[in-house]
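Engineer: Residues per chain, in single letters:
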Amino acid sequence: MSDIADRVKKIVVEHLGVDGEKVVEGASFIDDLGADSLDTVELVMAFEEEFGVEIPDTAAETILTVGDAVKFLEANK
Amino acid sequence: MFSLEGKNALVTGATGGIGEAIARALHAQGATVSLSGTRAEKLEALASDLGERAFVTPANLSDRDAVDALLPAAEEKMGSVDILVNNAGITRDNIFMRMKDEEWDQVLEVNLSSGFRLCRAAIKGMMKRRSGRIIGITSVVGVTGNPGQANYAAAKAGMIGMYKSVAREVASRNITVNTIAPGFIETAMTDALNDKQKDSILTSVPAGRLGTSHEIASAALYLASDEAAYVTGQTIHVNGGMAMI
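Sequences listed follow chains D and P, in order.
Mapping the first sequence onto numbering that gives the first Met the number 0, position 13 (from 1) lands on 12, and the numbers just tick up by one.
Mapping the second sequence onto numbering that gives the first Met the number 0, position 167 (from 1) lands on 166, and the numbers just tick up by one.
By construction, these hints were calculated from the structure, which means they are not laboratory data.
Ideal Cβ positions, reconstructed from N, Cα and C, are used throughout, including at glycine.
Among these hints, one or two may not hold up.
Claimed, not checked - For each label pair, taking beta carbons as the anchor points, the in silico distance ranges come out as: (1) P:Y229 to D:E20: 34 to 40 Å; (2) D:T57 to P:L201: 53 to 59 Å; (3) P:I200 to D:D35: 43 to 49 Å; (4) P:D100 to D:V12: 52 to 58 Å; (5) P:D48 to D:V23: 55 to 61 Å; (6) D:E20 to P:D62: 28 to 34 Å; (7) D:P55 to P:S130: 22 to 28 Å; (8) P:A191 to D:K70: 40 to 46 Å; (9) P:F1 to D:E20: 55 to 61 Å; (10) P:F1 to D:V23: 45 to 51 Å; (11) D:G19 to P:L107: 34 to 40 Å; (12) P:G5 to D:G25: 26 to 32 Å; (13) D:E13 to P:R63: 35 to 41 Å.
The whole structure should be built from the sequences, with the hints applied where relevant.
Structural biologist: Written out as structure tokens, the structure reads:
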């Protein structure tokens, strides 16, 4: 796992209180990790803070899985 | 009880009677306040009267860019906005059949849409801090209707629906979202009425008098306090009994 993926995983585990083993690339925040829509907004805010990037609403709406987040952050670091 | 020590509050419409009273009440309980309004000189005078813990962030809420700049400006001065009081409002009264599009649009923009944008901006920080208070000053006419005020009543009723919806969304993050609905209060808005109009209004008020802006500020202070943590999505009616809802 890349450094970015590790940091994303840590945030997801902390925020959603889920088991780290479940936080795999294909895991959907809502369907697999039990997030509600407000949690997804907060995750995006946490990513913005951790990585010092701005994630516009249009991009945030496409970040549905752990892998989506890693991909976006790798492309925009 | 009702201490606001360490809390930062942004109050819009702080040059009006009710807005000023709210700013004074929150400040008196220890809050730092950022005063917003269109008349910078009047805001400065109020800030210097309050002394420490008072800042001035003027903004014309009919200007969308100014609305978007207001929350960041208040956060920069105070560090955060823990309490947002959407109090600013205008009237453009006219009988419905004569009401101009501009009269409708201006009232909806200032009284409803600017509050939507300010709430959206404020909630971001409140979510992160897992606490916040949003208080909107609506009006009894948003619930009862009032001839000549279709635009104003629509905006005020719209606030109530919006606040209830937001309250449901963010309650789990310890953010409460409530409105206060004043009845007839002694302010510049009601000073414009003549004695005959006032007498006619008072026949519908069981308390037999106009309310004071201090009585609205007291309700705002309660909603802003930790003591009101379990109150959300509500409208507190402060109207001397003229409408019992």
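Engineer: Does each hint hold? Answer for all of them.
Structural biologist: Hint check:
In this structure, Y229 (chain P) and E20 (chain D) meet the distance hint of 34 to 40 Å, their C-beta atoms being roughly 37 Å apart. Between T57 (chain D) and L201 (chain P) the CB atoms are about 54 Å apart, so this pair conforms to the stated range of 53 to 59 Å. For the pair I200 (chain P) and D35 (chain D), the supplied restraint of 43 to 49 Å holds, since their beta-carbon distance comes to about 46 Å. About 53 Å separates the C-beta atoms of D100 (chain P) and V12 (chain D), a value consistent with the hinted range of 52 to 58 Å.
A C-beta distance of roughly 60 Å is found between D48 (chain P) and V23 (chain D), which places it inside the suggested range of 55 to 61 Å. For the pair E20 (chain D) and D62 (chain P), the supplied restraint of 28 to 34 Å is violated, since their beta-carbon distance comes to about 52 Å. About 27 Å separates the C-beta atoms of P55 (chain D) and S130 (chain P), a value consistent with the hinted range of 22 to 28 Å. A hinted range of 40 to 46 Å is violated for the C-beta pair A191 (chain P) and K70 (chain D), which are about 60 Å apart.
At roughly 47 Å, the beta carbons of F1 (chain P) and E20 (chain D) sit outside the given window of 55 to 61 Å. Taken as a hint, the range 45 to 51 Å holds for the pair F1 (chain P) and V23 (chain D), whose Cβ atoms sit roughly 49 Å apart. Remark: the range hint 34 to 40 Å for G19 (chain D) to L107 (chain P) is contradicted by a beta-carbon distance near 49 Å. Range check, G5 (chain P) to G25 (chain D): about 44 Å between beta-carbon atoms, so the 26 to 32 Å window is missed.
With their beta carbons about 36 Å apart, E13 (chain D) and R63 (chain P) fall inside the hinted range of 35 to 41 Å.
In this structure, the earlier hints numbered 6, 8, 9, 11 and 12 are contradicted, and the remaining ones agree with it.
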